[in-house]
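Enquirer: Letter by letter, the chains look like this.
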Amino acid sequence: DSGVTQTPKHLITATGQRVTLRCSPRSGDLSVYWYQQSLDQGLQFLIQYYNGEERAKGNILERFSAQQFPDLHSELNLSSLELGDSALYFCASTGDNYNEQFFGPGTRLTVL
Amino acid sequence: DAKTTQPTSMDCAEGRAANLPCNHSTISGNEYVYWYRQIHSQGPQYIIHGLKNNETNEMASLIITEDRKSSTLILPHATLRDTAVYYCIVRGFGNEKLTFGTGTRLTIIP
Chain B
1 DSGVTQTPKH
11 LITATGQRVT
21 LRCSPRSGDL
31 SVYWYQQSLD
41 QGLQFLIQYY
51 NGEERAKGNI
61 LERFSAQQFP
71 DLHSELNLSS
81 LELGDSALYF
91 CASTGDNYNE
101 QFFGPGTRLT
111 VL
Chain G
1 DAKTTQPTSM
11 DCAEGRAANL
21 PCNHSTISGN
31 EYVYWYRQIH
41 SQGPQYIIHG
51 LKNNETNEMA
61 SLIITEDRKS
71 STLILPHATL
81 RDTAVYYCIV
91 RGFGNEKLTF
101 GTGTRLTIIP
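From first to last, the protein sequence lines are chains B and G. Those letters in the first sequence? Residues 1 to 112, by this note's numbering. Those letters in the second sequence? Residues 1 to 110, by this note's numbering.
Mixed in with the good hints, there may be bad ones.
What the hints assert, rightly or not - One-sided and incomplete, this derived list gives chain B residues near chain G with beta-carbon spacing under 10 Å:
no., residue
1, Gln-6
2, Gln-44
3, Phe-45
4, Asn-51
5, Arg-55
6, Ala-56
7, Phe-64
8, Phe-69
9, Thr-94
10, Tyr-98
11, Asn-99
12, Pro-105
Rather than coming from a laboratory, the hints here were simulated on the basis of the structure. Glycine included, each C-beta is placed from N, C-alpha and C at the ideal position.
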């Protein structure tokens with residue numbers, strides 16, 4: 001158990017819909033990262049937040065957005081969903097020692 | 001971050017040492033080598049990292065060649081639970097994101 005929690009575990013929805021994925025980092029970790037793992041693209045970095053502020057951006061689509069709240073939990077919002085958005089979405093967190101990222105169990109999103 | 005090249009798959013007998021190679025010939029002086037693994041569809045798990053010296057922890061050893069163009073992750077006594085995809089990642093100092101490649105699928109054979 002990494003100490004990072006993600007909800008929900010599974011999500012099934014239809015094209016065009018909007019969903020929110022939630023991540024709670026390890027206690028005290030200020031940095032939160034979001035990654036997407038799909039069959040054709042592998043594991044890709046999406047975005048990072050540090051103490052509520054966006055710190056780095058990767059291959060995140062404009063239809064996707066994220067935020068980190070004062071209690072340090074983070075949410076990833078996916079809108080106008082397409083079939084290709086079906087993937088595993090992982091959240092990770094780090095503390096001051098950013099060498100080790102602790103990953104959550106992931107949310108499996110299926111878009112039908 | 002420098003690109004890495006790993007074999008697609010490897011097998012290792014249970015109880016033997018598993019040696020996973022990684023090529024990172026374009027690595028620059030301030031880039032570190034990290035290893036993560038992913039068991040089935042679980043979240044990736046950090047294993048070890050290093051800059052130029054060999055490193056060892058309770059999970060594995062990391063051997064980096066003197067020219068730093070390649071490295072080897074060693075699992076000293078592989079068990080069935082070590083069956084996973086192993087990712088070698090090169091990351092620059094101050095760059096916090098991880099760039100995953102395709103990794104090596106390691107299968108431990110009973």
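Enquirer: Does each hint fit the structure? Answer for all of them.
Expert: Results of checking the hints against the structure:
This hint holds: B/Gln-6 has a C-beta 8 Å from the nearest C-beta of chain G, less than the 10 Å allowed. For B/Gln-44, the interface hint holds, since its Cβ comes within 10 Å of a Cβ in chain G; the closest pair sits about 7 Å apart. Taking 10 Å as the C-beta cut-off, the interface hint given for B/Phe-45 holds, the closest approach to chain G being about 4 Å. The criterion of a C-beta within 10 Å of any C-beta in chain G is not met by B/Asn-51, whose closest approach is roughly 13 Å, and the hint is violated.
Annotation: interface hint on B/Arg-55 holds; nearest CB of chain G at approximately 7 Å, less than 10 Å. Checking B/Ala-56 against chain G: minimum C-beta separation of about 6 Å stays under 10 Å; hint holds. Evaluation of the B/Phe-64 hint against chain G yields a violated restraint, the C-beta minimum of about 16 Å exceeding 10 Å. Annotation: B/Phe-69 was flagged as interfacial toward chain G, and the flag is violated, the nearest CB pair being 20 Å apart, outside 10 Å.
For B/Thr-94, the suggested interface contact is upheld, since its CB lies about 7 Å from the closest CB of chain G, less than 10 Å. For B/Tyr-98, the interface hint holds, the least distance from its beta-carbon to any beta-carbon of chain G being 5 Å, beneath 10 Å. Given the 10 Å rule on beta carbons, the hint for B/Asn-99 holds: about 6 Å separates it from the nearest Cβ of chain G. Hint status for B/Pro-105: holds, given a least beta-carbon distance of 6 Å to chain G, under 10 Å.
In summary, the structure is inconsistent with hints 4, 7 and 8 from the numbered list given earlier, while agreeing with the others.
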